[in-house]
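Peer 1: With chain A fixed as given, assemble chain B onto it according to the hints.
These protein sequence lines map, in sequence, to chains A and B. Adding 1159 to a residue's 1-based position in the first sequence gives its number in the working numbering. Adding 486 to a residue's 1-based position in the second sequence gives its number in the working numbering.
For the record, the hints were derived by calculation from the structure and aren't laboratory data. No experiment lies behind these values; they were computed from the predicted model shown. Don't take each hint at face value.
Here are the simulated EDC-like pairs of lysine to aspartate or glutamate, each with C-alpha atoms no more than 16 Å apart in a straight line [what the hints assert, rightly or not]:
#1 Lys1210/A x Glu535/B
#2 Lys1310/A x Asp510/B
#3 Lys539/B x Asp1206/A
#4 Lys539/B x Asp1216/A
#5 Lys540/B x Asp1206/A
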Amino acid sequence: MSNDTFLPYVYNGGSFEQLYRREYPNLVAVARALTGDRHDGEDLVQDTMVKAFVNWDRIRRYDKPGGWCLRVLTHACRDHWRRRRTRARFLARQRNTEPSVEGPGVEFVAFWQAVRRLPQRPRLVVTLYYAGDRSIADVASIVKVPEGTVKSDLARARVVLMTELGQ
Amino acid sequence: MSMKQGPLSPWEPDADAPEAVVFDRFARSAGASLRSEAPESGLTTIVREGNRKKVQRLATEVGVIAALIVSGIALFEHFTTSGRDVNIAPVDTIPSPTVAAPIVSADDATIDRWIADYTGSPIGRAAGDPVKFGIMMPSLPYSQDLSAAANYLNEHVGGAAGRPIELNICTASLSECADQFAADPAVVAVLENQWMGESIGAALAGRKPLHTTHSSNGTTGVAYYPTYFETVNAMAVQAEKVTAPGDHVLVIDAADERGDSTTGTVFVTPDVTSILANRDVTIVHASREEAITDTIRNAGSIDASAIVLALPPVDEFQIHPFARTACDDLATALDALSLRPAVIASGCEPHEGWYKVDVGLNETAPDLQSGALAITTAMPGLGNVKGSPQNRQNREVGALLAVIRLVNQVGGPAQATPAALDRAMHEFTGPLPLGAGVLNCAPTGKVAERVQPGSCVRFVDVHQFVNDRWIDQPPIDLAE
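Isolated chain A, as found in the complex:
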């Protein structure tokens, strides 16, 4: 959760810089969770922020420019995921490599690996909720599904992940 101090009217009339500082940590967490790679995640976040900058005149009038960024980012991650899956299959045929993730402890790495094995929508929902630190309403708005669907996705994913991780 952001620890910002008093920032009313921050976006509509606020600065791109504030959006950047506020949203970056959650965006990078979502990107890392979805891609499994810190550098790829950071690159995707940067691409997203460039898009936000280019369209800032329009985006700053939105209620939640951060939601716009997350939507753009998750689409970019999905495309990246597809490209990487193709590349990974190719590499797997060439040599036996284990993807590495920097930073988090082994239990968290295992958790996010398990999340990435979930079907697309629950994967996105879990990532936005836990890595993106978004409310259920926000997640529903970004994924464009009813809040009830988000809740049921979270509940089902919880069961799957707990089983998967050997709880």
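Peer 2: Structure of chain B alone, referenced to chain A:
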């Protein structure tokens, strides 16, 4: 790695907590483990890359338009040259207008006189050594508009203090630009229009005054920016003026959702309570889900003598979409309930009897309307820039004029040291409200106590819509 091998023990054993709660706690930690702060270098890269893309996009648009024009001309030539009958007399045609008519009809002499009166620069062409303004990583429209403004001022209204204005546009890194500006004694101030006031302020570290035209939560250097935190306080003062002690005042906080969506902070409530201390105040938060008719009824405020519709008081192009809805809903609700309280709002469409409180940031403020808007409309080129002249370039040009005024006020560029401009900025009262970074030049007093730290604005304009026109009311002095 198999997840079922070995005890990974991601969850702390906790006999008292249900599994789902323990999982939730763990998953949130897993999310937190992936977060990292935004890198300082990232912003510069994003701005540079974004500006490059904007230029590319503009070039593409221009190319497409040019191609269409060339194709059109070729087609026209084809049809007019084939089968032309030279014996038919040419028909008179009326050229169709291709440029939008200016929205302000003031002539050049009037505009020049206004600028000269406001800035203190002499009418006529500027001459002598240039007075430089550092411009940090500008967007294309900002760069174009500011250049057009500088050219106009140099040609017609004596630049800055009679000397030509030179814009020193820097696109290097923030620290490089800051060092470059700081080392150049001809640079009197640095201007910035929307993105990086805090970072630039930090890079300049007080070595040059910075004027940034978009608000921020304060700056770490010596910087000035327009503020709009005062409007809601001024609304409450106006409510106090039009009511008597003990009267019921309803404050509808229509900005609540906005505040909540960004910080979770409700930012109107505590301020107006203290300002309206001797009134019977009810504060409610407007909601998209509830009609304002019900909001008023549920708040038991049918008897309210005044209603403050507290809205995000930003300019007309940035106003929160909900704000407009709230204005219209309130008007409808008052009709439905047959209520006629005094209504104090900002940014609403005119309604008979309603008050408009206007801190001067928005382009409808009288001084900006007669000045900056006229200038940006009249300046060659500005009317053709996308988004101009009705968009935010008015404010940017207004900011340039404000700084020129201060340069003149302190005795010219030679006397315009950062310290001298600081002092001048502290005494600045408008029409463009300015704030000053870490400096606290806010007026004191019960109304001003909630003013954003560093805000230098003092007077807030009030107008009332009577018989289809806005009537000026005495302005509110936040220092009272």
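Peer 1: Work down the list of hints and note, for each, if the structure agrees.
Peer 2: Cross-check of the supplied hints:
no. : hint                 : in the structure
1   : Lys1210/A x Glu535/B : holds (10 Å)
2   : Lys1310/A x Asp510/B : holds (13 Å)
3   : Lys539/B x Asp1206/A : holds (11 Å)
4   : Lys539/B x Asp1216/A : holds (15 Å)
5   : Lys540/B x Asp1206/A : holds (14 Å)
Hint check: no violations occur; every hint is consistent with the structure.
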